[in-house]
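Next come the chains, spelled out residue by residue.
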Amino acid sequence: MATTLPLSTRNFSPARRVATAATGESAAVRWVLIVVAVTFLGVFIFLPLAIVFSQAFAKGVSAYWASLREPDALSAIRLTLLAAGIAVPLNLVFGVAAAWAIGKFEFFGKSLLITLIDLPFSVSPVVAGLIYVLLFGLQGVLGPWLSRHDLQIIFAVPGIILATIFVTFPFVARELIPLLQAQGQEEEEAALALGASGWQTFFRVSLPNIKWGLLYGVILCNARAMGEFGAVSVVSGHIRGRTNTMPLHVEILYNEYQFSAAFAVASLLALLALATLLVKTTVEWRARRQQAASARWDGEEQIA
Amino acid sequence: MSIEAHNISKQFGQFAALDNVSLKIPSGELVALLGPSGSGKTTLLRIIAGLEFADSGTILFDGEDTTHRTARDRRVGFVFQHYALFRHMTVFENIAFGLQVRPRSVRPSKEQIHDQVHELLRLIQLKNLSGRYPAQLSGGQRQRVALARALAVEPSVLLLDEPFGSLDAKVRLELRRWLRQLHDEVHITSVFVTHDQEEALEVSDRVAVMNEGRIEQVGSPDEVYHHPNTPFVYNFLGSVNLFHGRMDDEIPAIHEAETGDLVYVRPHLLEIQRQPNGGSNFRAIIKHINSAGPLVKVEALSEWGAPVQVEMSQEKFQELQLAKEEAVFIIPKELKVFHKAL
Amino acid sequence: MAFTFKKRSNLPGFGLALGFTVLYLSLIVLIPLAATFLKASALSWDQFWHIAASPRALASYRLTFGASLIGALINLVFGVLVAWVLVRYSFPGKRMFDSLVDLPFALPTAVAGIALTTIYAPSGWLGRPLASIGIKSAYSPLGVAIALTFIGLPFVVRSVQPVLEDMDKELEEAAASLGASRWQTFSRVVLPTILPAALAGFAMAFARAIGEYGSVVFISGNMPMRTEITPLLIMTKLDQFDYAGATAIAVVMLVFSLLLLLPINLLQKWSSSREEKTVALVPEEIH
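Keeping their order, the protein sequence lines are chains A, B and C. According to my numbering, the residues represented by the first sequence are 1 to 304, in order. According to my numbering, the residues represented by the second sequence are 1 to 342, in order. According to my numbering, the residues represented by the third sequence are 1 to 287, in order.
One chain only, chain A, in its complex shape (with noise of 0.2 Å):
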């Protein structure tokens, strides 16, 4: 099951999309549907953006800095960079080896591991936290273990990082899986029948082939981590300047009414969120021209 929204490489020809006079429906509807379309992604896409800047900057520019260099926004700040900076990479060499493993060979049990990797997307957030409590916290199976030797996974950094790296899971994977799918075997085959060895295939021609894919499932990655709240809420103990993440800090902010100092801290993440968007639309742009070149390829090849 798919939570995620793959890449999309479409076919972006402007003759097939737009309707034919002779054939289309009239001026009329056409508009009234456009009004309509427009509108409602006016209502719940722009105006929640809109109000977040501007009540982010509803008290000036000068406060606005201020919220943020507040210290335990910047320590939110910290450990949401550093929850991210852990999970990313990890999440991005498990998503490699999966979809290595799923995407090239053909195995029992395949079906299973796939739905397997796609858990941690039907799993609500505050589950999510609620398991990694079950199992590190006090009275969790290994609760009595932990504290003997004096450690704590929840309720502290560890914790986190643990519950950022379960919600976004399978992201890289996912993106990675079906391109690898896709592209076949032959293309490595005929790099070790040059004589290269197992990670110089790999390295030199299945990655290259993927960068777009891997990039795009990396941002992804990165978004979701910098912005889980449900899951990191139940294991975090909400502990200010320590086990806050930037989007709990924004929780606490507005719950105290600090309502200008809540927008700015979530204007930082709502940047982040067009960043991604940004990437995205990128990505996808060049992805397709890569897919356009080749098939000029191909035809060339069939004219000569």
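Note that these hints are calculated values from the structure, not bench results. Be careful, since some hints might not be right.
List of simulated lysine to any residue pairs, SDA-like, C-alpha gap at most 25 Å [said to hold, decoys possible]:
| # | chain 1 | residue 1 | chain 2 | residue 2 |
| --- | --- | --- | --- | --- |
| 1 | C | Lys269 | A | Leu271 |
| 2 | C | Lys94 | A | Leu271 |
| 3 | B | Lys110 | C | Ser181 |
| 4 | A | Lys211 | A | Leu92 |
Could you slot chains B and C onto chain A? The hints should help.
What follows is chains B and C alone, placed relative to chain A:
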């Protein structure tokens, strides 16, 4: 119903698909629009159908101006190159579609629709497949369903866009024969688009040869083949030998050197002899003989170094007993001179 | 016949890749999940039922389920509309709108949560006009539905868009040439073609909405029995150190999401099978 197209022009961006094209199709005729890709034949067909609107010009159905009518209101039957069958509907539902979407006041009853569809299924010889989905049919079967679907709404005009293009050779031949038979039975004004000159010459009553957005010639298959008006038509409808030449006192002759004109000769209109027997001829050396086929194809090099293709029957070849590198005389039976385009 | 685990292949690295994959999967996902079910099994069946079916829990299921359904349905209708407009028409700013459709997916849920609450609060940009005609948006089930509509917006749009783009325009031309009106063409030819994709998107939006926490928890008001969603109920029980209670409800949610997995997978399979070009299975026969 007769169709008339007057001064139709259509541009796609900078590309002029049709340039002042006019064509008259009398009622009941089967006309082929023949030409290479980019000649505008499909565009003309779609404009007649109402699937595109021309930039200028008029379309008349039985004298009535339908230029600005939409496809829906023109009552044409259109058969698409890739069938455009509705994948989620059975064969029966596909064919019945046009009848089912009629406005309530003129919609036939369920029984009437059922009878009409089955009559058509009998016509296209697919009676047992009414419950199948298009995905379960072969290419030829799908094409016949597409045809039946178009016929179901009792159109006054049948338009077909490269109807046999995506089928393999044997199926194409069978369907060609079958379309001809169908037309003889139903007598509906039909226009079909093709780039296959053999198909156009075999099936149609008249051929309109198109090139680069213009009609080069309209005539019966005989006319356009034996009496082509332009070099393009001559070239497109069969193989051709090209020489320099000129009209010498009303008689076309081949010359070695550049003249202002071009002479066209079909390979089967060149005769090979061992002796010149008066009349125009020229010397040539045989370079290659291909006798595997209904005709024998001989390639030669004229005395001034121009390649020549000659076709002759197997009997003639046996008579002559030609061999490679032999010197022979080539006598043209029929020449066509065209002024070189400026 | 011998059982082979893996089909023969020339490529290296299978053992390493699969080994690491399974190890990581177990550490991060499977073992923690097992711990949950282990803890849940500590409860007797009676206890479990008592918690999972308590009036407060039932109220939360009703709200979560109902609001998610409403949100997903709104997204079904408007998602198809938006996809149609983005694919078929051109208008100023279309590219930008197209990219922004993914915003609910990229934006952190807490940010969405406080933004939506501020908009629909009684003094907010939309909350005030709505209140003046007597509609309470924030701090009510309506607010929950609005938030869940936001969260599911990209799913139907992105699911339907590729299908619309790949749709052969000749199908619509054929319908038009056969006399169908524009609406008939849409309802009889276009809609059946995009239906599997639309339903797959609906199911995904629904599944996402059920588990949603961050975007909803601010706008809902969190009144038990009235505007308390199930994830929040779990959170509350945790705050009160009622681990057994939290676990029981969590298991209910887990089982439900696992049950949803199957229909979603089936819908996606149906959707992609519609797009495949199938080869003829019947030999040619004219006579």
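Hint by hint, here is what the structure shows:
| no. | hint | in the structure |
| --- | --- | --- |
| 1 | C:Lys269 to A:Leu271 | violated, 36 Å |
| 2 | C:Lys94 to A:Leu271 | holds, 21 Å |
| 3 | B:Lys110 to C:Ser181 | holds, 20 Å |
| 4 | A:Lys211 to A:Leu92 | holds, 12 Å |
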